[in-house]
Amino acid sequence: MRVNGAERSGDVEPRVLLVDFLRTNLALTGTHVGCDTTSCGACTVLLDGEPVKSCTLLAVQVDGREIKTVEGLANGAALAPIQVGFHEEHGLQCGFCTPGMMLVASALLERNPNPTDDEIRWAISGNICRCTGYMNIVKAVQYAAKMHSEAAKAPAAAAVAGGGE
Amino acid sequence: MSSTMHMHGGIGESIKRKEDARFLRGKGNYLDDFVLPNMLHMAILRSPHAHARIKSIDTKAASAQPGVIAVVTGELMAQHKLAWMPTLSGDTQAVLATDKVRFQGQEVAAVIAETKYQAEDARDAIEVEYEILAPVTSPDGAKAPGASLIRDDKEGQKDNHIYHWESGDQVTTQAAFAKAHKVVRLHTFYPRCHPSPLETCGCIADVNGVTGKATIYMTSQAPHAIRTVFALVTGLPEQQIRIISPDIGGGFGNKVPVYPGYVVATAASLLIGRPVKWVEDRTENLISTGFARDYHMTGDLAVDENGKMTALRVHLDSDNGAFFADAQPSKFKAGLFHIVTGSYDIPTAHVTADGYYTNKAPGGVAFRCSFRVTEASYLIERLVTNAALELGIDQAEFRKKNFIQPEQFPYTSATGWIYDSGDYPKAMDVALDQLGYAELKKDVEARRKKGEVTGIGIASFTEVVGAGHGAEFDILGLRMFDSAELRVHPTGKALLRMGVKSQGQGHETTFAQIVAEELGIPAQDVLVEEGDTDTAPYGLGTYASRSTPVAGAATAMVSRQLREKARKLAAHLLEADEEDLVWERGKFYVKGSPERSKTIQEAAFAAYTNLPEGMQAGLEGVHYYDPPNMTYPFGTYAVVVDIDKGTGQVKVKRMVAVDDCGVRINPMIVEGQIQGGLTEGFGIAFMELITFDADGNCIGSNFMDYLLPTAWETPKFEIGQTVTPSPHHPLGAKGVGESATVGSPAAFVNAVIDALSPYGITNIDMPVTSDKVWAALRSKGVTE
Numbered sequence: 001m002r003v004n005g006a007e008r009s010g011d012v013e014p015r016v017l018l019v020d021f022l023r024t025n026l027a028l029t030g031t032h033v034g035c036d037t038t039s040c041g042a043c044t045v046l047l048d049g050e051p052v053k054s055c056t057l058l059a060v061q062v063d064g065r066e067i068k069t070v071e072g073l074a075n076g077a078a079l080a081p082i083q084v085g086f087h088e089e090h091g092l093q094c095g096f097c098t099p100g101m102m103l104v105a106s107a108l109l110e111r112n113p114n115p116t117d118d119e120i121r122w123a124i125s126g127n128i129c130r131c132t133g134y135m136n137i138v139k140a141v142q143y144a145a146k147m148h149s150e151a152a153k154a155p156a157a158a159a160v161a162g163g164g165e
Numbered sequence: 001m002s003s004t005m006h007m008h009g010g011i012g013e014s015i016k017r018k019e020d021a022r023f024l025r026g027k028g029n030y031l032d033d034f035v036l037p038n039m040l041h042m043a044i045l046r047s048p049h050a051h052a053r054i055k056s057i058d059t060k061a062a063s064a065q066p067g068v069i070a071v072v073t074g075e076l077m078a079q080h081k082l083a084w085m086p087t088l089s090g091d092t093q094a095v096l097a098t099d100k101v102r103f104q105g106q107e108v109a110a111v112i113a114e115t116k117y118q119a120e121d122a123r124d125a126i127e128v129e130y131e132i133l134a135p136v137t138s139p140d141g142a143k144a145p146g147a148s149l150i151r152d153d154k155e156g157q158k159d160n161h162i163y164h165w166e167s168g169d170q171v172t173t174q175a176a177f178a179k180a181h182k183v184v185r186l187h188t189f190y191p192r193c194h195p196s197p198l199e200t201c202g203c204i205a206d207v208n209g210v211t212g213k214a215t216i217y218m219t220s221q222a223p224h225a226i227r228t229v230f231a232l233v234t235g236l237p238e239q240q241i242r243i244i245s246p247d248i249g250g251g252f253g254n255k256v257p258v259y260p261g262y263v264v265a266t267a268a269s270l271l272i273g274r275p276v277k278w279v280e281d282r283t284e285n286l287i288s289t290g291f292a293r294d295y296h297m298t299g300d301l302a303v304d305e306n307g308k309m310t311a312l313r314v315h316l317d318s319d320n321g322a323f324f325a326d327a328q329p330s331k332f333k334a335g336l337f338h339i340v341t342g343s344y345d346i347p348t349a350h351v352t353a354d355g356y357y358t359n360k361a362p363g364g365v366a367f368r369c370s371f372r373v374t375e376a377s378y379l380i381e382r383l384v385t386n387a388a389l390e391l392g393i394d395q396a397e398f399r400k401k402n403f404i405q406p407e408q409f410p411y412t413s414a415t416g417w418i419y420d421s422g423d424y425p426k427a428m429d430v431a432l433d434q435l436g437y438a439e440l441k442k443d444v445e446a447r448r449k450k451g452e453v454t455g456i457g458i459a460s461f462t463e464v465v466g467a468g469h470g471a472e473f474d475i476l477g478l479r480m481f482d483s484a485e486l487r488v489h490p491t492g493k494a495l496l497r498m499g500v501k502s503q504g505q506g507h508e509t510t511f512a513q514i515v516a517e518e519l520g521i522p523a524q525d526v527l528v529e530e531g532d533t534d535t536a537p538y539g540l541g542t543y544a545s546r547s548t549p550v551a552g553a554a555t556a557m558v559s560r561q562l563r564e565k566a567r568k569l570a571a572h573l574l575e576a577d578e579e580d581l582v583w584e585r586g587k588f589y590v591k592g593s594p595e596r597s598k599t600i601q602e603a604a605f606a607a608y609t610n611l612p613e614g615m616q617a618g619l620e621g622v623h624y625y626d627p628p629n630m631t632y633p634f635g636t637y638a639v640v641v642d643i644d645k646g647t648g649q650v651k652v653k654r655m656v657a658v659d660d661c662g663v664r665i666n667p668m669i670v671e672g673q674i675q676g677g678l679t680e681g682f683g684i685a686f687m688e689l690i691t692f693d694a695d696g697n698c699i700g701s702n703f704m705d706y707l708l709p710t711a712w713e714t715p716k717f718e719i720g721q722t723v724t725p726s727p728h729h730p731l732g733a734k735g736v737g738e739s740a741t742v743g744s745p746a747a748f749v750n751a752v753i754d755a756l757s758p759y760g761i762t763n764i765d766m767p768v769t770s771d772k773v774w775a776a777l778r779s780k781g782v783t784e
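Protein chains in written order, with our numbering: chain A, 1 to 165; chain B, 1 to 784.
Just so you know, these hints were derived from the structure itself, not from any lab. Where a beta carbon is used, it is the ideal one built from N, C-alpha and C, also for glycine. Worth double-checking, as some hints may not be accurate.
From the derived model, a few chain A residues whose C-beta atoms are all more than 12 Å from chain B [claimed, not checked]:
(1) Glu7
(2) Gly10
(3) Arg23
(4) Thr29
(5) Thr37
(6) Gly49
(7) Val60
(8) Gln61
(9) Gly72
(10) Ala74
(11) Met102
(12) Glu110
(13) Arg121
(14) Gly133
(15) Ala151
Derived DEER-like restraints, expressed as beta-carbon distance ranges [to be verified]:
(16) Asp11/A to Asp693/B: 43 to 49 Å
(17) Lys493/B to Asn112/A: 41 to 47 Å
(18) His80/B to Asp63/A: 45 to 51 Å
(19) Arg2/A to Ala78/B: 50 to 56 Å
Only chain B is shown next, with the shape it has when bound in the complex (with noise of 0.2 Å):
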């Protein structure tokens, strides 16, 4: 059905995708699209609460409902030690709770009945009795002295402090501030949104009362490492376990947890003896699954009189909500957020963070970000343009000032990131000659002398993706490599395994490409298939925007070691000496007689069928890929608003986004997956939040308060690129997912702030809503 059907699909064809057709069809193969035979449908009761003590719980009535085959509190799960799992940080949380509530939307009970309404209507008549208690709702009020005491369920607990974390090197730093020229201070706060995929969380729990094996279908971008997670927490034996992850609708990183819900289903399918299905609703998304940000970010950068950065300096309290359940590697406590020293040449930095609890939801999740990743841009992004700002340098040349030099990679940072490659001067021209922003400038300086508010921001990020390497980067114990199974069948077509798993990002597409241009087979040959635990090699999943980067290499390496293969059998065939073989994309030939020669499908049959003596059958393999280093994507985005004085209302005129993510494999996917994360990044900077009100009550418990952008508001975004290879990955690229996510934000932010600077307002915390800029110019005594 497609108009490039007739392509090879090699690295840099933008071929269509294979994955749309039964999409387009209305044939996809969501979790929610699955019934099994007998399945019966759960729905969970929840905390109205933020912080209370359960006094009783009566599901008498609840259990009469027709139709109600089982009610589920925290004292039966407490039976069967299942009350409490582990989080991926290290940390417990509560499955279903037996003794507080410690935040709204908190599992307290579940319903198990034959229909979806029926298994509501009981939850609504499970009777609760609360003592309600003093919530908190801000690392500030976690520290408070007199604060509820969140976590009292944990031995030796005293505070409602998490963990403490540190980066760099304080004596240097503070040594380069004793000898600043000038020091600029940035207080932000980023706060909590929502990765928000359209398609909620859910799973199908189906244990097999005869056999044992426990089927679980659930919307999880890890399946792999669910699946061991989910072997730890019930006891049950490893190989009796199957995940499988369906097709996903959007995960941006919502969808690596286990939530509680999983652990309650799948223990009532295994003391019912039928498949249970559980589907979130909306605010059950919102108020009880993995949220994001939410740092509270104060830095400092000094610089020397000739405009250089010399030291930068952080602290940021993090709001971890009432269980440490941040998903990212385990020896990190903040994530990588220690990368926000950014793209520039800083001799030394210091970071410092502190973990609080409160009584809001759990999560912390990497949304569409290599865990934490966002937050450090943000912050020296917004940092370094309040600092050209008040040093009276523009923008643009203070960044180019600074940047880390294409001759200084691959470059240390002064927190310990070597970063493999990068070109920032360039991709920071390309920007501004798209924008054309010297002309622009000029525009900016004359309609500000007429009154009106306008300007432009810029950012310039440095990402850090692609995680492993496995000695340093790994979640609960588990390396992170991941890899891929490539089979080849005798008529030349195949079958590649992964264990990353697409939430919409094309893999089906990008990973059949690698196999066209490595091994020759055409990419509508290779079926790619993922997320069955029973069938793929292992890996530890998609999120972070590691899968080309971990998963894609795999790929590589296990092509080119079928393509060894392929020249003995070609040799064989052809009579020759392997040596004397040239390969070219699709076939081998003798050296001087290109007109012998064979292709890889001959080669594939001849595995099958006239081997070499000596020679194992079948041509398939398997490769598991530990990356020796992360990997850097970068850019430069440029943004141009007019803010309307009279209401604060802010209109983005153009944006410019400049991104270099190495080789592209498939670049009209690329350029959907930068489109996609900029409408992410201005629904962020300008719309989305999650806030309590001072009962711990969530306010964006649905999408007519958790405002996503819509085609109206989006901006129409204009892209450009430029190509720095990643020295160490096998085919140079370096993973795009997130990069426009990470980056915008602090670019629309920037924009806002440079129009604003005039009135000598520094600051906005995002979302940047039309209130906020308003009440700022009336504070600077702004009218009309």
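The shape of chain A in the complex, shown without the other chains (with noise of 0.2 Å):
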């Protein structure tokens, strides 16, 4: 499979789940369980694009397929505008939801670059918080909408406010 851009490969048993591949075999740590029955969200990955729930796929399920974890939201040192999004806003506490909130927000703001706080909320409304609630979450996600759409006006300034320690 591809992950976060990279070829990577590895022998499992056929009921190795995509999360245990993830956080064991490839050591990607950022990608949580919070549930183990698809209802916490904190295993978020994106499948082809798409949100899905770590801990109900098998990783044979995926194979040859491309798959992106928080580790591939930043580029290098800067951070992908949902990242500014939820530091700006307070939109993280203990950060343990963070990783799948930030994949299902940018997976929306792909298909919807602009929207409305409801279909933020319906959105999200597969990943649970237990810390922040949720009116900082839609201000993160708004704040990343808005830099994507100042991105589109004047690329070279929004990699700047992006970008950087």
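Put the complex together from the two separate chains, hints included.
Structure representation (structure tokens):
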């Protein structure tokens, strides 16, 4: 499979869950396990650009396909707009749900660059946050949407805003 | 990366969080992310029955499975005197069952194997023969004649009663009730719920066979206290135990206790000589670790002919589960429940509490609350609204008439609490203004005339947080102080180590800001470390909103201590008298000559390079802060609901939350805490429930049954504030992490009850689900 743009392979038992393959075999520990029942979304990754819950997919099911995890969001030192949004709007506290939330939100912004608050709430409703509540997460996604639209207008300026430590 | 990096980051500045950088990149260090060389994995076999005698355990087939290193039973633990352990409430709890299982999900055996999958496979091959016994699933069941004796392991235990506890004055309270114009009663059950942090509990035990040093990575909110408990349980010398709490994915009280899995994993590592990892799955977390509430409460409020409250009488039965394992100060069997007079000037009160064993999971942790203050706040606020409705007085007016007034502080309550400060009428006025209460009341009247079901709920809570002081508050004898150790390096950068432990609250930012304010070193230059007992100073940990009240105070005090040494250094550098120096955040200057100044960084450099005669080198210190009193945050929450008569569905239309937590160190973080707490309060009020069937099966054992609020159900909250500083805290701060979870459930339910009051409905216990509302309306003959 391709994970965050790189070709990755491994021999696994047929029963190995995708989340375990990512965490154990590939040491991509940013994908978390919160519930084991597809309810909480902490294990969300993007499969060919669509959010899926990696705790209820087998690793072999994604053979040959494209996976993106939280580790693939930033471009080197430059954070992606969704990451900047979560930071600026205090959209995280303990950080455990954050990778899944950001991936779901970035998939939403891919297909709907200017979502309403309700569209954001619906899109992230398969992901549970226990610390932050959802007000700031919605604001964080709006912040990223605004960064995207500004980047579309003035690519150079937005790249500076989104990047660098 | 942050838009606020250039800011100094003193008190009151909403700088962005330092800890975000790693979490945003998926580079947090949570327990399950650690992989140690040669690490083994543990899986626990749990009881499927609520109450049963163990007749036999056959581990042969399990031991023969691939990858299995050991199968551990209670019998093996007993050989090492580790089959039982002490609880935080002075009781005992089975580590692995030897005689009976006493709740569904109790730990029976453990498998240690090369991989997690192998450990779980082998666990399923263990054969246990049980003789099923009658379960007890409620305090009433525990009291019933002929009820099974749950704790037959305890010498002298003849029934299922654990404790009787009282507070207040029975005689004066009885006398006041005898003279009462009106007595309003509310019987309500605050059901069992669960903190459910998104990360479950777990540990990695790594006992070094050569040195004997036990390093235990653990999802612990209180690593230092856990180290001491471990020393007492295992008999290992305390200097040979190192607890490391890494990044924690939420705690909310669930990660305070010691769980059997920690003890088994440590024993297994000791015996096998390899690291052992144990991480719960979600079901294990929900059915076996620290639950919250489960209080059956009856409150009577006496009121005189002028609408003044004259006395409060409360009885509660506490359902403690199979072992009395409440995590709370040892002197108070029902926690801080006796704050139950709340925000009201009630002359006399009497509180009685009885605890009972049942065949349910033990725990009784303070779920985002200060030791049972949530139950207390819920009862009084529900009772006050019911009284107002019954007396025909406006809920807000009735509260205002009975509030403790600003000039009465410090105020001694009928149950002996000394409230430090407050301005309750002001918080209420701000909330009602923000809500537009007067207009809304008219709107409610008009819509009710049209047959609509709508209502407004108010709760004006007072919390008590920030334990100690140590003379009154201890856990297993450990006084509830907390600590901060501050080292300023030669270049003026600093390392702050704390005895508390963040689970998402943002300590790395907030505590750096206290140093920034008090010692003048920018927050960006202060590294905050917590959670490693080999490096951090001893502290009691993070729960009960105590980090800012106690450890925050310690940080201020140690910063001031270093500032005084820096003053001497600056005087030396400026060749001035230290009395002539003026402190302005970040530098000292000579009175009258502001151009003659030395920065804190210059003073720090001098501490290592250019000292006055006789002064010790270095600029570092430690402060252990034992607070003189608790702090008393408060607020008024107001909720507007519409109810669909056809379905019973409750829609929260508005929610205004005005909090007063004293001085706010980082307002952004404070508001984040309130937003999160309101969401949890909403969940408790309307969704979350751990319950049991007649056989003691846990209903609510996964996130498909134990419902947490998502972005879709959660209302949009409107936040407001007032600021009444704590007079005894060095910064005037009070603590805020839990106010919203404490105060909001009553506000939500009061709104529902207000809406249903025209139909004669006076109570619905949480969670207020559509079916309960529908049934209540139907019981009063209301249809479409």
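Hints, verified against the model:
1. Glu7: holds, 20 Å
2. Gly10: holds, 14 Å
3. Arg23: Contrary to the label, arginine 23/A does not stay out of reach of chain B, its closest Cβ about 8 Å off (not over 12 Å).
4. Thr29: The assertion about threonine 29/A is violated, with a minimum of 4 Å to chain B.
5. Thr37: Non-interface label on threonine 37/A violated, nearest chain B Cβ at 5 Å vs cutoff 12 Å.
6. Gly49: holds, 18 Å
7. Val60: holds, 15 Å
8. Gln61: holds, 17 Å
9. Gly72: violated, 9 Å
10. Ala74: It is violated; alanine 74/A is separated from chain B by about 6 Å at its closest Cβ, not greater than 12 Å.
11. Met102: Since the minimum Cβ distance to chain B is about 8 Å, methionine 102/A lies within 12 Å and the statement is violated.
12. Glu110: holds, 19 Å
13. Arg121: At roughly 4 Å from the nearest Cβ of chain B, arginine 121/A sits no farther out than 12 Å, so the non-interface label is violated.
14. Gly133: Glycine 133/A is in fact no farther than 12 Å from some Cβ atom of chain B, at 4 Å.
15. Ala151: At roughly 17 Å from the nearest Cβ of chain B, alanine 151/A sits farther out than 12 Å, so the non-interface label holds.
16. Asp11/A to Asp693/B: 43 to 49 Å: Hint holds: Cβ distance 44 Å, inside 43 to 49 Å.
17. Lys493/B to Asn112/A: 41 to 47 Å: holds, 45 Å
18. His80/B to Asp63/A: 45 to 51 Å: About 47 Å separates the Cβ atoms of histidine 80/B and aspartate 63/A, which means 45 to 51 Å holds.
19. Arg2/A to Ala78/B: 50 to 56 Å: Cβ of arginine 2/A to Cβ of alanine 78/B: about 53 Å, so the range 50 to 56 Å holds.
Consistency note: the structure conflicts with the earlier hints numbered 3, 4, 5, 9, 10, 11, 13, 14.
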